[in-house]
Amino acid sequence: MYEHGGRTAWVVGAAALAATAVVAAVLLWVGGYDPARAAAAMWSGAFGTRGAFVSVTLVRSVPFLLTGLAVAVAFRAGVWNIGAEGQLYAGAIAAVWVGIEGAALPAWVLLPAVLIAAGLAGALWALIPALMKLRLGVGEVITTILMNFVGINFAAYLVHGPLQEPRGVFPQTEQIADAARLPALVPGSRLHVGFAVAVAMAVVLAAVLRWTRWGFRVRAVGASPRAAWAAGRIDAGAVVLATFLASGALAGLAGGVEIAGLTYALYEGLSPGWGYTAIAVALLAALNPVAVVGTAILFGALEAGAGAMQREAGIPAVWVVAVEALVILAVLATDQLMRTRVRGAQTPGDDEGNVSPEPARA
Amino acid sequence: TGQQDAETPGTFRAALLTAGPVSDAGWYAGAYEGLLLLRDSLGALVSHQQTRTPAEFDEAFLSYASSGYDLIFAHGFEYQDAAMRAGERFPNTTFVVSGGGRFADNVVPLIFELEEGSYLAGMIAAGMSRSGVVGMVGGVAIPPVEGTFLAFEAGARTVNPDVQVLESFTGSWDDVAAAKEAAVAQLGRGADVLIHNVDAASFGVFQAVRETVAAGGTAWALGMNRDQNDVAPDVILGSAVIRIPESFLETASTWQTGTLGGRPIYAGASEDVIDFVLNPQLLDVVPAELVAEMTAVRELIRAGELTVPRVPFVEGEPGVR
Amino acid sequence: MTPVLASLRGLVRRFGSVTALAGANLEVFGGEVHGVLGENGAGKSTLLGVLGGVVRPEEGELEISGQPVELRGPRDAWRHGVGLVHQHFTLVPSLTVLENLSLGRDAGASGFALPQTRVRPAAERMMARTGLSVPLDELVEDLGVGDRQRVEILKALLREPPILVLDEPTAVLTPAEVDSLFDLLRELARQGRAVVLVAHKIEEVLAVADRVTVLRRGRTVLTSERGGVDPHRLVRAMVGEDAATQTAVGLGAATGGVVGEASGGLLAGEVVATLDGVRANRASGAAALVDVSLQIRRGEVVGVAGVEGNGQRELALLLTGRLSPPAGVATVPDGVGFIPQDRTVEGIVGEFDLVENMALALHDDPDAGRGMWLDWPWIRQEAEAVRSRFGVVAPDVGARAEGLSGGNQQRLVVGRELRRARDLLVAENPTRGLDVAATAFVHAEIGRITSVEGGPGVVLLSTDLDEVLALSTRLLVMTGGRLLEVPEGSRTREGIGRLMLGGLQPDV
Amino acid sequence: MPETDLVLFLEAAVRLGVPLALAAMGEAITERSGIINIGLEGSIIGGALGGALGALATGNAAAGVLAGAGAGLLVAMVFALFSIGLRTDQIITGTAVTLGGLGLTGAVYQARFGATGTALTLPTLAPMSVPGLSQIPWIGSALFDQAPTAYLSYALAPLLWYYLFRTAWGLELRAVGEAPDAAQAAGVRVRWVRFWATLFGGALAGLAGAHLALAHAGTFAENMSAGRGFIAIAVVVLGRWNPLWVLVAALLFGAASALQFLLQALGLDLPYQLFLALPYLLTLAALAGWVGRSRAPAALALPWPKER
Ligand SMILES: Nc1ncnc2c1ncn2[C@@H]1O[C@H](COP(=O)(O)OP(=O)(O)OP(=O)(O)O)[C@@H](O)[C@H]1O
Ligand SMILES: Nc1ncnc2c1ncn2[C@@H]1O[C@H](COP(=O)(O)OP(=O)(O)OP(=O)(O)O)[C@@H](O)[C@H]1O
Ligand SMILES: [Mg+2]
Ligand SMILES: [Mg+2]
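Chains as they are written, first to last, in this note's numbering: chain H, 1 to 362; chain C, 363 to 683; chain P, 684 to 1191; chain G, 1192 to 1499.
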């Protein structure tokens, strides 16, 4: 069943895509919607025009990109930070606070201050689970999930309370100062400089992981903490702490960039769960920061296309979500089969899960 | 996508944005029905998008406005900042923001004065309560919810100045179980008439009341947003309703005459958009004097002779900057 | 009349660009112990893997008891009566020994019941019979490699498979244990079973095997009765006729002779590491080391013999700075090489390539880059150097370490650690899994580095007494968490054995 | 706290804890086999809709519960086919399955009950009080005057514990989750074990959803699972992958949520968002005081076999 080498993998990959397309089409058709129109709308909404691509797809990709990087760097070190969502909120809170309080400052001071504050706040939010992991031995998976809920509710509290707009009616903060806003990256479009910042972060992160001693330690601890300790004299605790904080900072930056680039104020429900989708973004990129740029744009396109499917093809949101899920599964299956092909070229298929005679244990 | 139809005189394009599913049998469902009413009564070409995040709001406005939509209903106060931005960019499109607080020539807040209905509900609640304790279960404390609760409490006090009013929020519009537990907790504290503003999760409140009744207690519920009397006809005394579809139709007609814009639209009892509807099946349990008292107050409100307290939030209103 | 129990013919199996099996054959009779020999990477584990159902051949036939079979997994192999003891451990670390021994045993039939109750008495009987003793109720992750190896062997023996296949089971056993294991294998053969055994020590194989098969580069180059071969002929078959002359040194080590010149001690120089009254505790809190004091000088090879679990592990971790003592003072240098007991867990990162595995040791070396940056080309050169010097068989240094044969992984670790041992080398069973030539080479290297002026001191912790005897300039025995100096007169297998046993019961 | 308040609080704690317990015990079994199914939310919402449709079709809440379990299992089957069959990444697959579950249930609901929805009244699974036990002061009614699904969760905890730690099958399951290569070498059918453990987890999550719809809310609403799948995953960790502790952890979490509602009803004048955060803060505090390291199954979330 999984035996394939050479060209067959492409066939299988194409078949997986086709099968998913058929499933999606049949589903839509059964629901009484026009699959062709849906597909056309999805495409045009994501890539159809330069405007759609730049002002919607790329704009949507920014939070995926930064939170995706946050997850990627953490997972590289074996830190299972599921908390990008909460860290994002922490960053957004800090950004909006600095952006309002610092209104007197010139842009060249205020804007960096806003972004740095966002990063620091994200790192601070990550510090709690990091310390619980290192000092108390409490696994970060659960603590980061819990911190997400705390962060979301904390932001909600702030916009109803201390940070609420001055007239005290709507659950949102005041808008940040003009000097705190990220300028447009492409003039006339909605794409802000935050996208460039995020891409730069991806490149920096890739370089750090590949070319620096610290990055190597991160990878070693992630691949085998025991060997990193025994063979490399690497202090896993220090690496975990630093990576956790860096990851939190990136997620916090995602919140800050969203505020400074797009919404200019903090609202309840700022993020629809980017911090969770980020895990998929990062893993699909095989935790490679540069590839995260690609997968983030893919998810941005998916969201952009989903909106267009509703608007242009009249497909209800719930159907659109179901189609999104199918697309993710299709991409995943295709990606998996392609990887199998690459490896299959070296290792002919074994379908009973045959392993190397001498499996190295992680 | 029907470009040629748009050219036909008389047709126009209307879009609806909601921040939640239109299958909530409540707030968003009403708006969706309104959109369909525009299609059916005015021949409008319609489209709907459900958006989730503030960042998406701008994008949806931009997409609709730039593809030639004339009238965009954004059904929730959360859209107002994005609508103001979009209004500046697209002067030829009109943006109607339900519960919005700011306006411009082409940005129009559509204020549903549901407080008027919920004030009447408060009267019924206090009149029907034996314990002197009534409860309110909300989803998220947004101004429309806070406003209705404020009015509910005020209405209740006119009937029983000593009434105790409990208030809980679940933080969610979908979590039926949480709404039910919030209601159970209030019932446990002695509340015996409950009103809600939790949209799709409201059934949890009714279910809690039903179970209290089934266990031999006495308790009642009140519906909100739309006529929910037949959702749980055994326990719902009446509902504070907004006739959103009719109101949308009215707004669209005004737009067609070219007189929409530059000021907020208030849609209340006097416009016949807001009302309180007693459950015909339970009419016999509500004392006639209470019904009479409530009806009298309703007429005062309709006539504009009684102003129900509300949380002011529209620019230019007293107390709003 | 001895029936052919298993017959493998014309097996071919490639891994990427590496051809592990290039037409290998193996025929195993009931009633025999069959030794399989070959250099590191010759394809022994792959061949045995085919028999054990873990490797699928691309070409070739497999017959068991005369029937052609296709094994789709280890489960199939068990059903056909083949039990395989892997070269690398296949135990579940977080389960107890008894649970590991029980795993997979006819769970289908009695899945409701806990098998441990039935397995415990059987395990105890088997321990008594084989002389392999393990703590049944301890977690495997708390065991050292010797115990793990014993568990692996017991696990296979308990199922009494008609065909028992053992891939390098003896590398970390004590001589006495090897003897009793071999007695048992002989007995199994007498019962009509077939035993296939891989080991690198030719003398060991010849001591127990009825017949031997030699693999070279994935091909079967020789199969013979024990009587028909001598060690020299076997080595020639393993390395090829032309190479044989160059490997003459290797033969000595393989046959138990002394190779590495214990000359370094003459140059013993400045002290590089000091332990002064140190203690160390196990995870359980029990004392592992009691008041140990030791000085290591440049140029000396300090051999530490002893039954595993008497504190050797803690001693190694202290000397390499991996552990700081709760009491006492440990002064250790910077340039420390460490060859750990279990290469797959502590020595290499399987998913890293050879260069990255090299970087594990070099990443904080000032030469490995400037400032925060790493100089990968330089590290690659170093990896290339280790690869060619230690003959690590791999397609290239960009290959993942987990694809290397066991011996080649060990060569990588040894090469790398010798490279960084400027001041001190701490080696736990350094030649475990190495073939004859590689063992000799490593021994020679240890001799070489310690005889150079300013060379490091070496601490050699090994269960292989011959190795310890051959290489050490100073000999210690570790027992009950204490170090005993072996007097000159006792430097024999027997003398050391007495010292070891004397301390078998820790007096703490 | 006055006695009635306490009793009401405990009752609410159990009601809120039971669906978490069911889903989390199932997930604990799945995770013990080395599979992390974060598509649990999809199974829960699937179970809720399946339960609602089943109960409506038959007019019988018990039949609805079975349908709910079946629906949860089907959702988990999709997850299993991808993540175990194709070896796709479990986290991404789970994300997609959650999305798909929420979307498809919404689509089916809208197709069946109209685009603007209907407030459904479902046949409910009434509480059954256990004679004697329910009379125990304080905790009697809380524990023993509950829906049948609650008793199922009490019964499952020790049963699953026994299965995991006292049977050969449980041993195989744990081995598969810790060291699949080793388990395979011992002759265990790794993928088969993982497959069924995943389906079992899905079925229990479906039960949790059916409980929400039929025993708790008495209705179905889109997204009514409201993130319980993620909470259940946290509960598994809090319960250290041990069914008995998982039950306790779920009830504790239920208690923290119930406390929040009680405090609001008491009229405490604090921002309600802080109450909403309370269960999570209490859980964090519990973890900080919960000494000793708990460790996830070593092979959790890793695709197997590693190479193919
Ligand atoms: N990743 C690590 N980080 C820090 N310390 C470690 C790590 N791994 C192991 N250790 C420490 O190394 C010491 C020994 O490790 P381990 O328990 O694995 O050895 P062992 O197999 O028990 O040794 P022995 O042969 O003495 O039984 C322990 O004190 C442990 O704390
Ligand atoms: N899973 C694998 N992936 C890539 N290469 C492999 C794999 N398994 C084995 N090889 C390669 O096949 C060759 C034969 O390996 P094998 O393990 O059979 O050797 P061996 O004779 O057992 O050696 P050793 O004495 O070192 O254990 C080696 O070159 C090894 O690198
Ligand atoms: Mg081998
Ligand atoms: Mg040990």
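In case anyone wonders, no lab produced these hints; they're calculated from the structure.
A virtual CB, placed ideally from N, CA and C, is assigned to each residue, including glycine.
Hints may contain errors.
Unchecked claim - Quick list of simulated restraints, FRET-style, between CB atoms: (1) G:A1306 to C:D467: 27 to 35 angstroms; (2) G:A1306 to C:D592: 14 to 22 angstroms; (3) P:A859 to G:L1350: 41 to 49 angstroms; (4) H:D178 to C:N454: 52 to 60 angstroms; (5) P:D1058 to H:D178: 56 to 64 angstroms; (6) C:R451 to P:D1058: 33 to 41 angstroms; (7) P:G992 to G:I1330: 31 to 39 angstroms; (8) P:E824 to C:G578: 52 to 60 angstroms; (9) P:M810 to H:V23: 50 to 58 angstroms; (10) P:W1056 to H:A19: 21 to 29 angstroms; (11) C:G578 to G:I1330: 16 to 24 angstroms; (12) C:G678 to G:W1329: 53 to 61 angstroms; (13) H:V30 to C:N454: 54 to 62 angstroms.
Unchecked claim - Where chain H lies over chain C, by a calculated footprint (3+ residues, C-beta under 8 angstroms): (14) 448–459; (15) 496–508; (16) 600–607; (17) 648–659.
Hint by hint, here is what the structure shows:
Hint check: A1306 of chain G to D467 of chain C, Cβ distance near 33 angstroms, so the stated range 27 to 35 angstroms holds. Separated by about 19 angstroms at the C-beta atoms, A1306 of chain G and D592 of chain C satisfy the suggested range of 14 to 22 angstroms. A hinted range of 41 to 49 angstroms for the beta carbons of A859 of chain P and L1350 of chain G is consistent with their spacing of about 47 angstroms. The beta-carbon spacing between D178 of chain H and N454 of chain C, approximately 27 angstroms, falls outside the hinted interval of 52 to 60 angstroms.
For D1058 of chain P and D178 of chain H, the hinted distance range of 56 to 64 angstroms is not satisfied, since their beta carbons lie about 46 angstroms from each other. Judged by the Cβ atoms, the range 33 to 41 angstroms given for R451 of chain C and D1058 of chain P is violated: they are separated by roughly 53 angstroms. Between G992 of chain P and I1330 of chain G, the C-beta spacing of about 50 angstroms breaks the proposed range 31 to 39 angstroms. One distance hint, 52 to 60 angstroms for the beta-carbon pair E824 of chain P and G578 of chain C, holds here, with the actual separation near 59 angstroms.
Against the hinted window of 50 to 58 angstroms, the Cβ-Cβ separation of M810 of chain P and V23 of chain H comes to about 57 angstroms, which satisfies the hint. A C-beta distance of roughly 47 angstroms is found between W1056 of chain P and A19 of chain H, which places it outside the suggested range of 21 to 29 angstroms. Look at G578 of chain C against I1330 of chain G: about 22 angstroms separates their beta carbons, and that is inside 16 to 24 angstroms. The beta-carbon spacing between G678 of chain C and W1329 of chain G, approximately 57 angstroms, falls within the hinted interval of 53 to 61 angstroms.
At roughly 39 angstroms, the beta-carbon separation of V30 of chain H and N454 of chain C lies outside the given 54 to 62 angstroms, and the hint is violated. Three residues within the 8 angstroms Cβ limit are the bar, and the segment 448–459 of chain C against chain H gives 0, so the coverage statement is violated. Counting residues of the segment 496–508 of chain C whose beta carbon lies closer than 8 angstroms to any beta carbon of chain H gives 4, which reaches the threshold of three, so the coverage claim holds. Requiring three or more residues with a Cβ within less than 8 angstroms of a Cβ of chain H, the coverage given for the segment 600–607 of chain C is violated, as only 0 such residues are present.
For the segment 648–659 of chain C, the proposed coverage by chain H is not satisfied: 0 residues have a C-beta within less than 8 angstroms of a C-beta in that chain, short of the threshold of three.
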